[in-house]
Amino acid sequence: MIFALKGKSLFNSLIDRIQHVGAATIHSFQRLGHASVFLLEVIASCTSLLTRPLLLVKQLHSVGVQTLIIIVVAGLFVGMVMALQSYYALIDFGAEDSVGVMVALSLMRELGPVITALLFAGRAGSALTAEIGLMKATEQLSGMEMMAVNPMQRIVAPRFLAGVISMPLLATIFSAVGIIGAYLVAVELLGLDSGAFWSQPQNKVDLYLDLYNGIIKSLVFGIVATWIAVFEGYDCIPTSEGLGQATTRTVVHSSLAILFLDFVLTALMFTK
Amino acid sequence: MSDILVKIRDLHFSRGNRKIFDGLSMDIPRQGITAIMGPSGTGKTTLLKLIGGQLTPDQGSIEVDGLNVHQLSTGKLFDLRQRMGMLFQSGALLTDLSVFENVAYPLREHTKLSEAMIRYMVLLKLNAVGLRGAAEMMPSELSGGMSRRVALARAIALDPMMIMYDEPFTGQDPISMGVLVSLISELNNALNICSIVVSHDVPDTLSISDTVHFISAGKVVESGSPETLRNSQSEWTHQFIHGDADGPVPFHFPADPIKDDLYR
Ligand SMILES: Nc1ncnc2c1ncn2[C@@H]1O[C@H](COP(=O)(O)OP(=O)(O)OP(=O)(O)O)[C@@H](O)[C@H]1O
Ligand SMILES: [Mg+2]
Numbered sequence: 001m002i003f004a005l006k007g008k009s010l011f012n013s014l015i016d017r018i019q020h021v022g023a024a025t026i027h028s029f030q031r032l033g034h035a036s037v038f039l040l041e042v043i044a045s046c047t048s049l050l051t052r053p054l055l056l057v058k059q060l061h062s063v064g065v066q067t068l069i070i071i072v073v074a075g076l077f078v079g080m081v082m083a084l085q086s087y088y089a090l091i092d093f094g095a096e097d098s099v100g101v102m103v104a105l106s107l108m109r110e111l112g113p114v115i116t117a118l119l120f121a122g123r124a125g126s127a128l129t130a131e132i133g134l135m136k137a138t139e140q141l142s143g144m145e146m147m148a149v150n151p152m153q154r155i156v157a158p159r160f161l162a163g164v165i166s167m168p169l170l171a172t173i174f175s176a177v178g179i180i181g182a183y184l185v186a187v188e189l190l191g192l193d194s195g196a197f198w199s200q201p202q203n204k205v206d207l208y209l210d211l212y213n214g215i216i217k218s219l220v221f222g223i224v225a226t227w228i229a230v231f232e233g234y235d236c237i238p239t240s241e242g243l244g245q246a247t248t249r250t251v252v253h254s255s256l257a258i259l260f261l262d263f264v265l266t267a268l269m270f271t272k
Numbered sequence: 001m002s003d004i005l006v007k008i009r010d011l012h013f014s015r016g017n018r019k020i021f022d023g024l025s026m027d028i029p030r031q032g033i034t035a036i037m038g039p040s041g042t043g044k045t046t047l048l049k050l051i052g053g054q055l056t057p058d059q060g061s062i063e064v065d066g067l068n069v070h071q072l073s074t075g076k077l078f079d080l081r082q083r084m085g086m087l088f089q090s091g092a093l094l095t096d097l098s099v100f101e102n103v104a105y106p107l108r109e110h111t112k113l114s115e116a117m118i119r120y121m122v123l124l125k126l127n128a129v130g131l132r133g134a135a136e137m138m139p140s141e142l143s144g145g146m147s148r149r150v151a152l153a154r155a156i157a158l159d160p161m162m163i164m165y166d167e168p169f170t171g172q173d174p175i176s177m178g179v180l181v182s183l184i185s186e187l188n189n190a191l192n193i194c195s196i197v198v199s200h201d202v203p204d205t206l207s208i209s210d211t212v213h214f215i216s217a218g219k220v221v222e223s224g225s226p227e228t229l230r231n232s233q234s235e236w237t238h239q240f241i242h243g244d245a246d247g248p249v250p251f252h253f254p255a256d257p258i259k260d261d262l263y264r
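If you read the sequences in order, they're chains U and C.
With our numbering, the residue at position 214 of the first sequence is 214, and numbering never jumps.
With our numbering, the residue at position 78 of the second sequence is 78, and numbering never jumps.
Chain C with its partners taken away, still in its complex shape (with noise of 0.2 Å):
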């Protein structure tokens, strides 16, 4: 078994004419706490669908445990994503189920547990994200954050061997923030899986990340550990971990000179 879980080569994506993708590598090792960084819009849960196999690149290729994700067959494909657990943006709970059948879902699709067994599981994991009490409640009574702590719960009902968290930290009070931070690097000690984290969030995501890569007008711009970056001399990174808005970073999305705009 190699090291590396996750190899992203020579990656190219296109949205209708924008690139989104031009060239990106990335290695994403088995064990730790991966993180994705970089400003809105530059194609993060772009980057996560992909791994996942939802969309396809246009050119490059992504393995995922030696497995070319783009040249499996369907079949293979679902095998290869019962082991991978993926938190949506949105928290993408199965409205018409309540909070503890949503986290049955993939137990009842993928195992043959007895009924007794999985209600043990899932009062498990959903007591792991706080949410124990809210198991009978409907998907449409919860708060944004609370439906993405019962997707987080569901992501590690079949105990993958990867997590993707698509910003596990917007919309959590300060309290159950750190409770999900600490959550989520123990449950990457625990299970000893790989867990990747897409997130704005620079001090937390640094605090609980072991490499950080960031990406920037689809390419990495910069990797390294969090204590590597915080120190780095690309005016890039210092940027982007401060918040300053002078630099190289953009904050506007691409467009033609405002005068030639607002003066036509």
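Extracted from the complex, chain U is given alone in its bound form (with noise of 0.2 Å):
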């Protein structure tokens, strides 16, 4: 009698678990589909911006101008670190002379594009999230669609716009700001020959190949990051507890989708 009660809830619960999983995931699919017509939206209403640039600069300067901060010093340790790694492990070859376009390649086509998406996503993104969610719970969005104004063109898109124009931007002073860091370190502090240092990237750092790809990767996570974003702060649930998951939701998703992203972009970019 117990063993068949046992046997019951036993089964019982494992159909609770296999509904719980297949709920999930119509529940993740749906959302996907959502944010999907929400980008293609977000996309019609940007061209509504062409009449009120104003928008976009502000944008621009509280999505953009705000993370150089965080971008320049992150960009400026990573180039120095790497400096000081490549540089140990190279000495042992005599090659610390390639110590530039190892830290000038790493950066171009992989750190620069992926740090800096990170850190834009958790700078920016969680920003652009909680800013637009608040918006929704205190019936702001709700109010400027009954003054007939569209919130996706006045509020949604301008944010849109600016995470995607400015991340290739970071990314590149992100490069750059890390050349310059591994500069101080092999050739000011390690006493590297400044011209090895330089000659060496000049030659063997390819423009199509290195300095576009790493754009077009910086791009691609720019959009997908402000996205998110924007998205998961649109579809909030209005409450301080549905946003705080909001904010959480685009922090985790994004990264995880820029690094798998970097990966199949990668894959496609650089095969020999």
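None of these hints come from the bench; they were simulated from the model.
Keep in mind the model is a prediction, meaning the values are calculated, not measured.
Glycine included, C-beta positions come from ideal geometry on N, C-alpha and C.
Do not rely on the hints blindly, as some may be mistaken.
Claimed, not checked - Here are the simulated lysine to aspartate or glutamate pairs, EDC-like style, with alpha carbons at most 20 Å apart:
id	chain 1	residue 1	chain 2	residue 2
1	U	K58	C	D96
2	U	K58	C	E101
3	C	K49	U	D235
To be verified - Over 12 Å on every C-beta distance to chain C, these chain U residues come out as not near it, computed from the model:
id	residue
4	H20
5	A24
6	T25
7	L32
8	V57
9	I69
10	Y87
11	Y88
12	L90
13	V101
14	E131
15	L134
16	I155
17	L184
18	G195
19	V252
As the list claims (entries may be wrong) - Pair ranges (Cβ atoms, derived):
id	chain 1	residue 1	chain 2	residue 2	range
20	C	N192	U	V252	52 to 62 Å
21	U	V205	C	M137	53 to 63 Å
22	U	L134	C	D256	28 to 38 Å
23	C	K19	U	S62	35 to 45 Å
24	C	L67	U	I69	46 to 56 Å
25	C	L72	U	I43	33 to 43 Å
26	C	S25	U	T239	26 to 36 Å
27	C	L191	U	I69	45 to 55 Å
28	U	I69	C	N68	49 to 59 Å
29	U	L10	C	S73	48 to 58 Å
30	C	E109	U	L134	14 to 24 Å
Using the hints, build the complex out of the two chains.
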């Protein structure tokens, strides 16, 4: 009797769990569908910015310029650490002159776009989600709709476009500052020859393969990170708890998406 | 032009499994103040959002000025909304703009008025709600009652044909309350518009409105002029107007009997 009961409840809990997984999967796909429709709407709304460029400028400031400082500081330190590490590794082979090219290539191809995007998601993405979500919770978005103003055009589109424009610029600045940091460590601190440091990157860095591909990567990361951020804000449950969850989801989902896409893009771009 | 501005027919609307409206029908005249009253949580805010086209009914229709709100294209709906003002329960001011800019916002969006003209109109509207002195303040520096008055100034900025007030009186001190009550009725008479007032405040609302609709359980319980409702024989209306604890109006949100809940 007891055994039969146990067996039944075990079976039930198993069914429950399967149902749970199924429901969660369906829910995820529904949200993905929602988010895709949302993205199309945002892109369509971007045309309205032609008549109101000031909205975009304001967002470029709060999304792009205000993220600059963390990008510059992080870029400097990443470049310096990379110079140190590659110097210690390369000197054993007498190849320490390659520090410059090694740092430049790693930054432009991988670290620049990826680290910038991760920092961007944490600094600008979370702020976008919180801002839009709070506007929703305080009925500001509804209020705009009732004033016959489309919040997609006035609120979401400028923030989205600002994020998409800022990301490649920030990533480029990150790489540039990183190379300067590497120069400071390698040449000024470790006494490497300045000519060797600069000449190798000049020969070995390819404009298309390295620079353009890096920029394409950062553009893709920018689109994805900003898309996730504005969608999570617009779609959040308008309570303090819902807002907190949405902000967390923005950072987690965009970070994972960035790392996954980086693998895909690298595989596509750098095949030999 | 017909005398009816808002025509609601057989409205059904649910939130999840809960039916909020169950065949509600109502006519709101083009002129005068119409009050919609009912216990908290009956769906008064929801009704205003349905009229404004922010929510879509499950069944039934809402016509505003002869247009079926839920069959309009987005562009047409936005045109219609320019002629509707709505005062939100929370105020819903844009927090990154000053009081002045909040009131100027609909003017800047929908008109090509000169800066001087906008300033003139905004100060006039702010003066009407007694907050001209607060023009340069930010919404975060205002009290709840002040925010609601700024929101009122914003709602009338475009001189709409109708204004929906969601609980305009909550959070007002007796003086601004008195001013607000007379303001709503003066605005209504001066602009000759349709005002829809949603409120719990029985004496003040009855004192200014021309028609009153009581709603409960998804339907209109009783409608009429304030006079007829005051003398109504209906137990429900009597209880609501006098605020008695006992009677047919439920105070509790629908639930299982308390005994079942407590001794589960
Ligand atoms: N976003 C929502 N999701 C689910 N249910 C909701 C939502 N908003 C409101 N409701 C439900 O709809 C019902 C009506 O809400 P509404 O805000 O219209 O009430 P109300 O009559 O304006 O109340 P009050 O007088 O307290 O403002 C409530 O019982 C509430 O539970
Ligand atoms: Mg309400």
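Checked hints:
no.: 1; hint: U:K58 / C:D96; verdict: holds (12 Å)
no.: 2; hint: U:K58 / C:E101; verdict: holds (16 Å)
no.: 3; hint: C:K49 / U:D235; verdict: holds (19 Å)
no.: 4; hint: H20; verdict: holds (20 Å)
no.: 5; hint: A24; verdict: holds (19 Å)
no.: 6; hint: T25; verdict: holds (22 Å)
no.: 7; hint: L32; verdict: holds (23 Å)
no.: 8; hint: V57; verdict: holds (15 Å)
no.: 9; hint: I69; verdict: holds (22 Å)
no.: 10; hint: Y87; verdict: holds (48 Å)
no.: 11; hint: Y88; verdict: holds (50 Å)
no.: 12; hint: L90; verdict: holds (51 Å)
no.: 13; hint: V101; verdict: holds (47 Å)
no.: 14; hint: E131; verdict: violated (9 Å)
no.: 15; hint: L134; verdict: violated (8 Å)
no.: 16; hint: I155; verdict: violated (10 Å)
no.: 17; hint: L184; verdict: holds (40 Å)
no.: 18; hint: G195; verdict: holds (52 Å)
no.: 19; hint: V252; verdict: holds (27 Å)
no.: 20; hint: C:N192 / U:V252: 52 to 62 Å; verdict: holds (56 Å)
no.: 21; hint: U:V205 / C:M137: 53 to 63 Å; verdict: holds (55 Å)
no.: 22; hint: U:L134 / C:D256: 28 to 38 Å; verdict: holds (36 Å)
no.: 23; hint: C:K19 / U:S62: 35 to 45 Å; verdict: holds (44 Å)
no.: 24; hint: C:L67 / U:I69: 46 to 56 Å; verdict: holds (52 Å)
no.: 25; hint: C:L72 / U:I43: 33 to 43 Å; verdict: violated (24 Å)
no.: 26; hint: C:S25 / U:T239: 26 to 36 Å; verdict: holds (34 Å)
no.: 27; hint: C:L191 / U:I69: 45 to 55 Å; verdict: holds (51 Å)
no.: 28; hint: U:I69 / C:N68: 49 to 59 Å; verdict: holds (53 Å)
no.: 29; hint: U:L10 / C:S73: 48 to 58 Å; verdict: holds (56 Å)
no.: 30; hint: C:E109 / U:L134: 14 to 24 Å; verdict: holds (22 Å)
Hints 14, 15, 16, 25, counting from the list given before, are not met by this structure.
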